[in-house]
Amino acid sequence: MLKKRIIPCLDIMDGKVVKGVNFENLTIVGDPVEIAKRYEQQCADEVVFLDITATHENRATIYDLVERAARELSIALTIGGGVRTLEDFRKILACGADKVSINSSAVATPELIQEASREFGSQCVVVAIDSKDFEVYVHGGRKPTGLNVVDWAKKCEILGAGEILLTSMNCDGTQNGYDIAQTKAVCDSVNIPVIASGGCGKIADIIEVFEKTDCDATLVASLFHYGKATVNDVKLQMERNNIPCRILKE
Amino acid sequence: MIGIIDYNLGNIKSVLNACERVGIEAKLNKNIDDVDAIILPGVGSFSTAMRNLGELADKIKNFDKPILGICLGMQILFEKGYEDEEYFGLGLLKGEVKKIPTNKKLPHMGWNTLSKTQKDVYFVHSYMADFNEETIEYTEYGGVKIPAIVGHGNILGYQFHPEKSGKVGEEILKRWAKCI
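Chains as they are written, first to last, in the working numbering: chain A, 525 to 774; chain B, 29 to 208.
Please keep in mind that the hints were generated in silico from the structure rather than gathered at the bench.
Each statement offered as a hint is correct.
No farther apart than 20 Å at their CA atoms in a straight line, the calculated lysine to aspartate or glutamate pairs in the EDC-like style are these: (1) Lys55(B) x Glu591(A); (2) Lys127(B) x Glu681(A); (3) Lys127(B) x Glu643(A); (4) Lys561(A) x Glu48(B); (5) Lys132(B) x Glu681(A); (6) Lys561(A) x Glu198(B); (7) Lys202(B) x Glu596(A); (8) Lys132(B) x Glu735(A); (9) Lys195(B) x Glu596(A); (10) Lys561(A) x Glu199(B); (11) Lys195(B) x Glu558(A); (12) Lys656(A) x Asp675(A); (13) Lys615(A) x Asp34(B); (14) Lys132(B) x Asp738(A); (15) Lys132(B) x Asp712(A).
Could you put together the complete structure from these sequences and hints?
This is how it looks when you write it as structure tokens:
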């Protein structure tokens, strides 16, 4: 049986993992590869690196980082943040990433989804969608687009997206649980995998979104980063609730 | 030395990385001379893979040492594929590659269980080989039995990605390399 996936997400700035609330008061917490390795050992199913490096000059650091991470990790790695062109895709994949996630650039140029999936295969094209009250936002959630999240997700699927990473801005940062309504609406209208994101504060939130929606994976950040739970803690709880998951067996 | 065939398809480096992690001697290669075995990696589409192989395809067909195909590299071991267009494969294994006949979500993406060993490995694909006498182990998705390990003789194929399947995948790669 196909397992539901738990995907830790690391925010990266200038090659380091950073923590902060709403991109403010960022503090460096460590080396992405070391932290990702730790999650891998805890049975993470994939890892996402989200590059939030602001300046263009420092963008090159992400390529070195992806190369190093790809050498060390034995699970799938997704890279997102600042990807705008087919050439960006090519570079990141050449460094050894398995998937690339695009957000604002997909809204600005939907053809990018199509071109990337034709060139590299739809399996590596993840479209990240930030949504508030069913409306799609871009530029880190600062700019409303007028697009309905369900319509946009459907369009992404038609254009060749392999997966949708849906972040609810209503819930992101609240730690009050995933957005069941928006996640369910998207899951019920597309036929590609959906990763639920935003709002996870405790293990029960992960159980809830798997039980109440048809999502395939959950993106988890602070729960793990602040040491409130390990990936394996989540898996054990999932198993108890009869949610199919991969458990460490020695 | 194992040659990982570099035929301009996505992410072949991850297979090399996995070999290096577990101490298998391998190199990326545009050719198949002077190697003891080859790995055909690959993500992308069937027809692109065959076109990119070009003249190398005939050499691979006549290669009598171990051949391991991974994911798309496994699919092109078969006779024919139907992704984007109908296209001939290497024909080293009997059967064809078609879209997974399910109404469930595609790609079939994530960790799924192998029928015999009951190990979980990582899959990402929307097309599958025929379930036939070449099937060694399968996995189940959306009511379909999907061949996961296929082959006979010197030919072996994995539909899943051992290089993305954690320790389990590394063990699977090591076991294959030991047989060379």
